[in-house]
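Q: Chain X is fixed; fit chain P onto it per the hints.
Respectively, the protein sequence lines represent chains X and P.
Residue numbers for the first sequence follow our numbering, so the first one is 1 and each next one is one higher.
Residue numbers for the second sequence follow our numbering, so the first one is 1001 and each next one is one higher.
To be clear, the hints were calculated from the coordinates, so they are not data collected in a lab.
Bear in mind that the values here come from a model prediction, so they are computed numbers and not experimental data.
Wrong hints could be hidden among the right ones.
List of simulated lysine to any residue pairs, SDA-like, C-alpha gap at most 20 angstroms [claimed, not checked]: (1) P:LYS1073 <-> X:GLY237; (2) X:LYS145 <-> P:LYS1084; (3) P:LYS1205 <-> P:VAL1106; (4) P:LYS1084 <-> X:ASP149.
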Amino acid sequence: MKYARQVLRKHVNIIIVFISILLFNFTPAVFAADIGNCLLCHKYPGISRVDENGDLRLFYVNEDIFNNSVHAKVNCEGCHTDIKKVPHDPAKKVDCLIECHITEPSTETKFSHKDAEFFLANSVHSTKDKDGNPKQFAEDMPTCKNCHDNPLYRPLSFFKKVRYGVSEASLGRCRVCHKKDEFIYRFYNHVTTRLHKSRNPLNIAEVCARCHNNPEIVARHNLSTKAVYSYGETFHGKAARFLDERIPDCLDCHVRKGESVHQMLANDNPLSSTHKDNRSKICTNMDCHPSATPKFATYSVHAEFNKTQSPVQYYFTFFFIVLTGGTLLPLMGIIFLDCIRRLFPHAVIKRRK
Amino acid sequence: MKSMLMKLYILGFAALSIFFMIIIWKVTFAHVIEEYHERQEVLEALDVEKENEEAPAKTTFQKIILDSEETVKHYLGYKVLEEKRIKGHFHHIGMDIGPDQRSYCVECHGDMPHDQIKDLRAFLNMHAFFIGCQTCHVKLEGEEQTGEFRWYDRRTGVIIPSPVAFEEPGTYKSKIIPFESVNGQPTRIDSDERISFAREFRETKDALTEAQSTKAKKLIHKIVSKQPYVCEDCHNTKAPVLPLEKLGYPKERIDSILSTEVVGLIKNYTKFYMPRMLHPGDKSEKESEQNLTPDIKKNKKPLTITKID
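Okay, chain X solo, but in the shape it has when bound (with noise of 0.2 angstroms):
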């Protein structure tokens, strides 16, 4: 007992150390939000059933990533108000513009998504017009889960050199002041997501492309262009497709600066970012080129490769397609004969007599 007491007062910087780095490494990133137990069952990937309509209902929630997302702190009941018992009967429909149990910090009331409903109102996805009269095709215009899916944390470090994911060594600051690693964690992922874009640009475009790559969607409202599929053909959407995270998408040249994603406004609206006044400062912000002339934004940035839709481009782009092709291919061609020939200098085909 007595050698056991001194090998601890020997080793006890040791065991300290030990502990320490056991309870760093082992603190969960994660925080549970399942206070009514609902992973109990919905933890497990089959939980789902065909519904009336004959689609798949998947009631799965993946507990992993859900905490890693923007509402690992909301608990399920905070979004599907409805189920007050378990066994519960079947939910409804979860109305994202609710207010939530989280108070906004800067207000003090209730936290709720329901400025978006107003800015979308009052965009060019609305469903109603500007005499408030229900647009035609009113079903194609976008509800929250066409575009949103759990928005997932992209935590960002800033300590030594700008890279992603957590920075230990920031957290060992916070650390000096705030004693619960859960909060540190949550807050420290919830600032540096949002000090960035909370989406890749590609992933941004692939939302997008969902409507406006379909070229049903396309003619059914008039548009001049399949919108994804002309930005991928332009140097931003190629660089997007390498996930260039730098490169301009689409809600970086059709969103003012400073207003809402949801607040997305046609072309010809002159309070509009993309309306032929205003398009210019769109490429000459700082983050952009700032010392581009307003002219640089004249080209046409959504001309596809087609003889309908931008025929000036199309045979521009044709013709040069043919005058590099058509170059290039017999000079190598050329080269490789004449790499032959000095490899064989007295080689002949015999004719045949």
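A: Below, chain P without anything else, positioned relative to chain X:
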């Protein structure tokens, strides 16, 4: 030597010119051709989508999630989350579970076969995700009974060791299947003979007469019990049907499965329905109909009811 080096240099140059030819071809003419085909594919996909809308096929979990090629990649910077995209689904699923290639039941009944009882259907489908149909719907008795249940791989159908210790609950890429005694030997109940008979029936059923079809269905469903095992048969501490320990469940998982929380939840559900299609030609339909609840009667689906309590 000098001549040899020169030849190697020329050979390298020739190879380089071919390499450049390929690159130039790809960025010029091949690019135009590729784009043309891409557009055609989009138009074809739209046509297929339209056809599907006109004649909706039976919704299956496999078709929409497990077999779906429509995936979405979330580029989070520090990692990429790739998952199947389910239209209008808010929560992320992030799972990779292959379809059940072994089960011959799902080929007719679908992989979400339970749809009658509002309270239970999702729970039963959830269990069907990692429990073979025969585990509940076949009650082996007498000499046939072995009490043996094992896991099989969903993709290959091969019997495998328990996955429970290595995977999250319910996310197993395998299912439990009972073993019956054949000539004193424990044999898996979904034998190759049964599978080939069911598949042959499915392929030739249009050419069969009604009597032949009914007979074949009876043979296929011969092993199916009139009353399946119900939740409480497994979720009880006294004598659960499934030997959870032998199936590789650790003690804490067994405690959870048999906990008062789960058992209490089950007690709130009392009604179980057996679809008549599992007993083709059953004459007890009239007797059963007397027990039907009003909403089931309205649907006029011939069912047999078993009430637990």
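Q: So, for every hint listed, does it hold in this structure?
A: Verification of the hints:
1. As the CA atoms of LYS1073 of chain P and GLY237 of chain X are separated by approximately 17 angstroms, the hinted pair is consistent with the 20 angstroms bound.
2. A hinted pair counts as satisfied when its Cα atoms are at most 20 angstroms apart, and LYS145 of chain X with LYS1084 of chain P qualifies at roughly 16 angstroms.
3. Proposed proximity of LYS1205 of chain P and VAL1106 of chain P is supported: the alpha carbons are some 16 angstroms apart, at most 20 angstroms.
4. Distance hint between LYS1084 of chain P and ASP149 of chain X is fulfilled; the C-alpha atoms sit about 13 angstroms from each other, no more than 20 angstroms.
The structure agrees with every numbered hint stated previously.
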